[in-house]
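Participant: Sequence:
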Amino acid sequence: MKLADRMKEKNTKTTELSIWGPYLREEWEKHFASHLTEEDKERIFLKNKDGYQGYLWHLFSYKLRDCLEREEADEAFQQVAHESYYVFYQLANEVLILENAARFSVADLEKEYDVYIVDKDFTWTYVKTHETEWCGPYFCKK
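So the sequence shown is numbered by the working numbering: it starts at 1 and just counts up by one.
To be clear, the hints were calculated from the coordinates, so they are not data collected in a lab.
Just so it is clear, CB atoms sit at the ideal spot from N, CA and C, and this is done for glycine as well.
Mixed in with the good hints there might be a few duds.
[To be verified] Simulated restraints on C-beta separations:
hint : residue 1 : residue 2 : range
1    : Asp50     : Asn100    : 40 to 48 Å
2    : Phe122    : Lys47     : 12 to 20 Å
3    : Gly51     : Glu29     : 19 to 27 Å
4    : His35     : Glu110    : 13 to 21 Å
5    : Lys10     : Asp50     : 37 to 45 Å
6    : Lys47     : Glu9      : 34 to 42 Å
7    : Lys141    : Arg103    : 28 to 36 Å
[As the list claims (entries may be wrong)] 25 Å max Cα-Cα, derived PhoX-like pairs, lysine-lysine:
hint : residue 1 : residue 2
8    : Lys120    : Lys49
9    : Lys47     : Lys63
10   : Lys41     : Lys142
11   : Lys47     : Lys142
12   : Lys30     : Lys141
13   : Lys30     : Lys2
14   : Lys120    : Lys142
15   : Lys111    : Lys2
16   : Lys63     : Lys41
With the hints as extra help, turn the sequences into a complete structure.
Facilitator: Set out below in C-alpha cells:
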C-alpha cells in the first residue's frame, strides 16, 4: 500500500502532487545545506555528478551538519508538531502534502526510502535513507 493511501486511512488530509519534487529538493538544499560551498557539495555527492547518484542526506552522513541519528532521530520526529508538512523523495518527483497529520509516525515509513519530511517553513527535517543499516534516519532542526 502506498504511503498516501495509508495516510488517507488514518484520516490525514493528503494531497498528492507529481511535479513538486525538484522544487522541494532545491528548497531543502537552500535551507539545510546553504553553508556548504559548491566544492563541498561536489565532494560529498550532494547532487548527481559524473554518473553518480547524489543524495541530499549526504550532508548528515558526512557530518557537515549537526543532527540526531537513529533512535534519537525517530524520537525527535515523533515529538515535533504534526500539523502539516511535505513528504518528498530523492529519486522521484512525487510529493505528499499532509495536513492534520498527528497520526503520522515513523512506522508509516517502513517501506519508504530516501524520503524527506519537512515542515512547511523548513525549520526541521526528518530523513530516512536507503542505507538503513548504516546511515540514518536523521533529524535536524535549522
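Participant: State for each hint whether it applies.
Facilitator: Evaluated hints:
1. Asp50 <-> Asn100: 40 to 48 Å: Between aspartate 50 and asparagine 100, where Cβ atoms are some 43 Å apart, the hint holds.
2. Phe122 <-> Lys47: 12 to 20 Å: Distance hint for phenylalanine 122, lysine 47 holds at roughly 18 Å.
3. Gly51 <-> Glu29: 19 to 27 Å: holds, 20 Å
4. His35 <-> Glu110: 13 to 21 Å: For glutamate 110 against histidine 35, whose Cβ atoms are near 32 Å apart, the range 13 to 21 Å is violated.
5. Lys10 <-> Asp50: 37 to 45 Å: Roughly 42 Å apart at Cβ, these two residues keep to the hinted range, so it holds.
6. Lys47 <-> Glu9: 34 to 42 Å: holds, 35 Å
7. Lys141 <-> Arg103: 28 to 36 Å: 22 Å Cβ-Cβ, so the 28 to 36 Å window is violated.
8. Lys120 <-> Lys49: With Cα atoms ~29 Å apart, lysine 120 and lysine 49 exceed 25 Å; violated.
9. Lys47 <-> Lys63: Distance of about 16 Å is within 25 Å: holds.
10. Lys41 <-> Lys142: Holds, at roughly 18 Å.
11. Lys47 <-> Lys142: Roughly 21 Å separates the two Cα atoms, so the pair holds.
12. Lys30 <-> Lys141: holds, 14 Å
13. Lys30 <-> Lys2: Roughly 29 Å between the alpha carbons, so the hint for lysine 30 and lysine 2 is violated.
14. Lys120 <-> Lys142: holds, 13 Å
15. Lys111 <-> Lys2: holds, 9 Å
16. Lys63 <-> Lys41: holds, 13 Å
Comparing the model with each earlier hint shows violations of hints 4, 7, 8, 13; every other hint is respected.
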